[in-house]
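Visitor: In order, the protein sequences belong to chains A and B. For the first sequence, the working numbering assigns the number -12 to the initial residue and increments by one for each residue that follows. For the second sequence, the working numbering assigns the number 1222 to the initial residue and increments by one for each residue that follows.
None of these hints come from the bench; they were simulated from the model. Please note that a few of the clues may not be correct.
Partial selection, computed: residues in chain A whose CB lies under 8 Å from chain B [as the list claims (entries may be wrong)]:
{"hint": "1", "residue": "LEU25"}
{"hint": "2", "residue": "LYS96"}
{"hint": "3", "residue": "THR100"}
{"hint": "4", "residue": "LYS319"}
{"hint": "5", "residue": "ASP322"}
Here are the simulated lysine-lysine pairs, DSBU-like style, with alpha carbons at most 30 Å apart [as the list claims (entries may be wrong)]:
{"hint": "6", "chain 1": "A", "residue 1": "LYS96", "chain 2": "B", "residue 2": "LYS1410"}
{"hint": "7", "chain 1": "B", "residue 1": "LYS1342", "chain 2": "A", "residue 2": "LYS96"}
{"hint": "8", "chain 1": "B", "residue 1": "LYS1341", "chain 2": "A", "residue 2": "LYS96"}
{"hint": "9", "chain 1": "A", "residue 1": "LYS96", "chain 2": "B", "residue 2": "LYS1366"}
{"hint": "10", "chain 1": "A", "residue 1": "LYS96", "chain 2": "B", "residue 2": "LYS1403"}
{"hint": "11", "chain 1": "B", "residue 1": "LYS1366", "chain 2": "B", "residue 2": "LYS1296"}
{"hint": "12", "chain 1": "B", "residue 1": "LYS1341", "chain 2": "B", "residue 2": "LYS1358"}
{"hint": "13", "chain 1": "B", "residue 1": "LYS1342", "chain 2": "B", "residue 2": "LYS1366"}
{"hint": "14", "chain 1": "B", "residue 1": "LYS1296", "chain 2": "A", "residue 2": "LYS96"}
{"hint": "15", "chain 1": "A", "residue 1": "LYS96", "chain 2": "B", "residue 2": "LYS1358"}
Which residues of chain A face chain B? A few of them, derived with a C-beta cut under 7 Å, are [to be verified]:
{"hint": "16", "residue": "ALA23"}
{"hint": "17", "residue": "ASP313"}
{"hint": "18", "residue": "SER631"}
{"hint": "19", "residue": "GLU634"}
If you're wondering where the values come from, they're calculated on a predicted model, not measured in any experiment. From the three backbone atoms N, C-alpha and C, an ideal C-beta is built for every residue, glycine too.
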Amino acid sequence: MPPQADRQHPSGRLDLVRSLHRLFTPSGWRRVAELAVLTTREAVRSRVLVGAVALMVVLGLGSLLWPQASDAGRVIVVQRLCYGGLTFFGLIVAAFVGGSALHRDIVTKRIYTLATKPLSRLEIVLGKTAGLILLLALFLFFGGLITYGVTRIAHLRKTFEGGSYELEVVASTARLETDDPTVEEERLILRQGQMLEAIGKTEDGYKARIAGRHTELAGTIPEDAVRLHERTLAPERVVGGRELGARARGQARWRVGELALAIGELARNETWVFDLPEEQEPVDEETIRTRIIVGHLRHEPVRGVDRTQHQPPRIQFEFFNPREEDPARASKVVDFVFSAREARRDPDEWPAYDYYYGIIALPRRLAADGVLAAEVTDLRPSYRPLGRVFVRGEKEPRWRAGPVRSSVLPEEQATFRTRFHVQARTGLDLLDYAAVTAIIRNPATGEQVERPIRLRHLTVSYVRFPSHLIDPNQGVEFVLTDIPDDAQIGYRADEPPVYLILEPDRFAATTVRSVALIFFQLSIFATIAVAASTVLSAPVAILFTLVVAMAGGIKDLLLEEMGRRALPAAATLQQMTPTEQAWYWIEYVYQQVLIWAAPGFSQFSSAEFINRQWTVPWSVVAIAVLIALGYSFVFFAFGYLFLSARELE
Amino acid sequence: MSEYGESVIETNQLTKVYSGFMRPEVLAVDRLDLTVGRGEVFGLLGPNGSGKTTTTKLLLGLIFPTSGSATVLGKPAGDIEVKNNLGFLPEESYLYRFLNAEETLDFCGRIFGIPRPERKKRIDELIELVGLQDARKRALRGYSKGMSRRIGLAQALVNDPELIFLDEPTSGLDPIGRREVKQLIGRLKDLGKTVMLCTHLLPDVQDVCDRIAILHNGRLVEQGSLDELLMVKNQTQLTIDNLTESEQKKLVELLAEMGHDHPEIVHPYDTLSSLFMRIIESERERDRTRNQEEVDAAAS
């Protein structure tokens, strides 16, 4: 029998204390830095960096060619594509370079060059990881510059194109307006729900004005695009009737002999347009049984109101056929109370509902032309709001944005929009709004304009004003006045109350912060890949990294899907059959693994901010840093343990 | 301290068994007791698979012993601090092939924390020492096997180590390179360094080693100084320049009178290596002279 190993022998397996002691010295960090630079240099010389950046150039330029209906939309698409590309290419770089980092060194025995030098295994794993992160930082630096450049080009593109703007539109319906006899104006409702106003018909097509969220452009709709829906555009079919407010499109489908109409957010004075599908099931010749479904309607608690008195809102709808000439036959007013489904009846909470529904009978004729419209004409909240105003403790809040650094300021005619991000509590806050007046004033000259705005709870309201009201040094001053007594208005502390949509520096800030989010997300992938490469072969480590990335990305989706599964009828676990119990536990374990193991990468996406043209707040970046540090530490610890225990044969 | 002076390597019943999932157990090193003294050139000999490289890896801490223990420079094998004073040339030069010779040595020097001026001087010295002046800026991926061995040797010496492990240092080298490596080992010995040489090329060992150990199937079968092990104690060799035939006859008669019958008198053979070196050196000298003549002719 050979003698037992000497206990004093370090065996190299786990010498954490000494390794940490060595690491936290200037020479320790220097060694890690040297190894990091070596790792980065290898990837750079293998043309990994050049390849990834070249792909970003192709993607950036390609995104400029993406067809868009508006300037704002184009910038958003360019940003989304570029940030998506940075994340995707960065993930590929992290998985492939990181997944082979240590395994390749071990297989080719290059690790001997490192392990026989005064480098602890802790320093080796840390150096390799830091090198990969440095590589990703370089990639994101160049990729970020490309993204910024392409975004600016997309933003400035209308200048290059002058007043001409070609649009690819798919119009689903249209209505002639004849108020001004000199202009043949049409209002088109795009399939995507965007609104486009066509001003006059020319030889080339329809001269159009886009009312996007942030910009306005005049342009021409090609005749071809319009012809795609010639049936709905034909003037003889668009007669009489009434104007469509065209705020939203509803969804309509036939379901077990009834017509189900789904509406997103319920709001007063909004019109929903439903394209009716072809009837596939027999219905009453005179009436259609119709179910109206309103989603995401929640009642927030209102102070001072007895919650037991709560009732679902009573709502008056007017359904109408926009193409019916005879006003007497064109519409029907329906007044009813929604029923709630999936209500949570926790006595300590206010009722919250997934959605409301109501069933009515509509005259058949309203849907005869394949289009049905509906408008909320009356909303009667079932309780009174508690009226009190607070805006930073002032009755008439005022604030100043500035000084403003903006290259568009010299353009006297430029139009700015300012965003008011408001938490307004006015009773049934989703359904109501507070009409206030905004005074926008140049602090240097005293020049000012007044603009009416409507503030809704948890929504963004905009006010538009000319650029000469902004003083380059002192900025611009805002005052909110005429606030109703029964309204509560507050601002989110983490958002600047004033936001100059066209301020060019915003792109730099958006780029820097979005790229920072991507960087921290990729840092997690880098640590995962390097840790995996300490124990797995390169292909498996790469695959593992990609699977973790995907699982993290679709975690919410997977959990949501799981939540939709029908649960057994049994009230308790004990009442379940053994098979049901087994499935229950499998699902439970799967959920827990997903929740705890798969990183929540949704926090690293700036898509939501980009879509709304907001700048990513630093607070979001700070949270991303914390999450990245947490995950990276865990994976790094695994990597160190694996390599310490591994024999370098 | 041991009978060989201060020991820099000491193993005590060092044993290594390779095992693993779906892998048969292999006894690579079996209860090895080895001592290497300071300033020695120690040869670890044995046929392929005898455990030489495994022993080296155990001493360097690349793999872990199954049982037993080893100390290197007074510390347990694998100790990180000790690695500041170690140099290692593996059996093949496993280096970063995208780097050139200068960058490779610079990286190693930085890991050892050698200050920049000293590092630069050391790199120049080592590159000259291993004869890679013309290829110092070339990426290692373009190196021949011999050149790779040379840069491998240079990186093992970058920190001016006290103890140097050389695993097959002359493999892949031409005779000139082999002689240079052997000369280098001699120079290291003169500087008081300890060299542990793993090889199965016996002529190399005979030329440079002070002591050797022979391994077979992981076991130590012989250990001792080269003189002790190789000396034929019951024979004497006499080497004399230009002995004529008559003088040879007289010498035989004289030895017969002394009772030594049938002494063997032959012309000693040179080694092929020495012959090769002599020819190459004379050719080089001739080239140098011819070049000088051409230069002089061109100048006049």
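Visitor: Which of the numbered hints above does this structure break?
Guide: The structure breaks hints 4, 5, 11, 16, 17, 18; every other hint is satisfied.
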